[in-house]
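A.B. asks: First to last, the sequence lines map onto chains A and B. Under this note's numbering, the first residue of the first sequence carries the number 139, and numbering increases by one thereafter. Under this note's numbering, the first residue of the second sequence carries the number 1193, and numbering increases by one thereafter.
One or more hints might be untrue.
To give an idea of the chain B side of the interface with chain A (calculated C-beta under 8 Å), a few residues [to be verified]:
1) 1198
2) 1215
3) 1226
4) 1233
5) 1252
6) 1259
7) 1279
8) 1281
9) 1282
These are calculated hints, taken from the structure and not from any lab test. Since the structure is predicted, the reported quantities are computational estimates derived from the model, not experimental observations. Beta carbons are placed, not taken as given, at the ideal position from N, Cα and C, and that holds for glycine.
Given next are the chains, with one letter for each unit.
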Amino acid sequence: MARRIANVRMGAIGLLMLVIVLCLAVLASLVAVTAHSGRVMAERHASAVNAAAMTEAAAQAFLSELDSWLARAQAERMPVTRLPQALEGDLASLVEPSRSVSQALSPEDALAGYDVQARMLDLEELAGAHGDEADGATRCGIAVSFSEEALSEGAERRTLDVVVVVHDDYTYGLVDWKTTTEWLDSTTDTKLWEG
Amino acid sequence: MERSKGSARFVGSIEAMLYAFFFVIALAIVGSLFAVSLRASDDAVRLERAVELASDAAAAFALDPSAEREPAFEGGLTVDCAIEDELKPFGHLYHATIRVLDGDAVVYELKTARYASVWEDG
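Only chain A is shown next, with the shape it has when bound in the complex (with noise of 0.2 Å):
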């Protein structure tokens, strides 16, 4: 008899350890992953501010190297009508140093792929230029886009879309300054309710 009593207090004791450890157990790994997508989440957006930095970066260089070409076009007294062809030739090494930038300041494990596309603006768009840098004066406009995309989230791309246009004084303005998140993972057969 006593043998018996003391064999289901033992099992009850067990079970309600059982229990325990059990609801432990779940709350440990809701904890666990909450965390983990939390740490995640925080590396996400770190990654993804660097990556705007980045762009911003190679865009202002291009800048610098274009405010230099037009410094030097106007010392050799280039004239103003030569401009777009004499722009559309150098473009290429225009934003090289660009690509240099953002190669300099990205950690390599960190971007999969970064691309730099300029060409210049043709009339149409030239004069479909809005705010007021696009004016008389306007001699021509070059669009630059920057783009990266990121090996740890791998299902986006950021571009920085930068419209320039020259003037006849051998200056520039920014017209357009625009950064776009493309999401590159083509989610949109996934359906929460088939009902």
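Assemble chain B onto chain A, guided by the hints.
C.D. replies: Below, chain B alone, put in the same frame as chain A:
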């Protein structure tokens, strides 16, 4: 009868010790999981705060890149902004390295740049 009672007590005490042993092991595992989670959570909060401070410093740098900046202390973190001036024919290309430190450890580092043309300065 006495022998049987003693044997039952012995088995019961062994059983209780086993329960206690497994309970302590389970508590240790769960406790370490809680500790790891707490540390990860603290790291995430600290990183978020560091990114926020670095973004603020980058915005201030973009507004006035040539200004001298002293290290700022906020919420136990130190924001240090080192600016390098690259002279260009018609302006300055300022390179900023913004570091958010917790003591001597770098929590977050942000590098950016800002070009200031002489035309822009008037």
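A.B. asks: Does the interface hint hold: is residue 1226(B) within less than 8 Å of chain A, judged Cβ to Cβ?
C.D. replies: Residue 1226(B) check passes; min Cβ-Cβ to chain A is 6 Å, inside 8 Å.
A.B. asks: Take the shortest C-beta to C-beta distance between residue 1259(B) and chain A; is it under 8 Å?
C.D. replies: Cβ of residue 1259(B) sits 17 Å from chain A, so the hint is violated.
A.B. asks: Going by Cβ atoms only, is residue 1279(B) closer than 8 Å to chain A?
C.D. replies: violated (10 Å)
A.B. asks: Holds or violated: the hint that residue 1282(B) contacts chain A, with Cβ atoms closer than 8 Å.
C.D. replies: holds (4 Å)
A.B. asks: Restraint: residue 1198(B) near chain A, CB-CB cut 8 Å. Satisfied or not?
C.D. replies: Constraint on residue 1198(B) not satisfied, violated at 10 Å.
A.B. asks: Regarding the hint that residue 1252(B) lies at the interface with chain A, is the smallest CB-CB distance below 8 Å?
C.D. replies: Violated: closest Cβ of chain A sits about 13 Å from residue 1252(B), beyond 8 Å.
A.B. asks: How about residue 1233(B): closest beta carbon in chain A under 8 Å, or not?
C.D. replies: holds (4 Å)
A.B. asks: Does the CB of residue 1215(B) sit less than 8 Å away from some CB of chain A?
C.D. replies: holds (5 Å)
A.B. asks: Is the shortest C-beta separation between residue 1281(B) and chain A less than 8 Å?
C.D. replies: holds (4 Å)
Consistency with the previously given hints fails for numbers 1, 5, 6, 7, ordered from lowest to highest.
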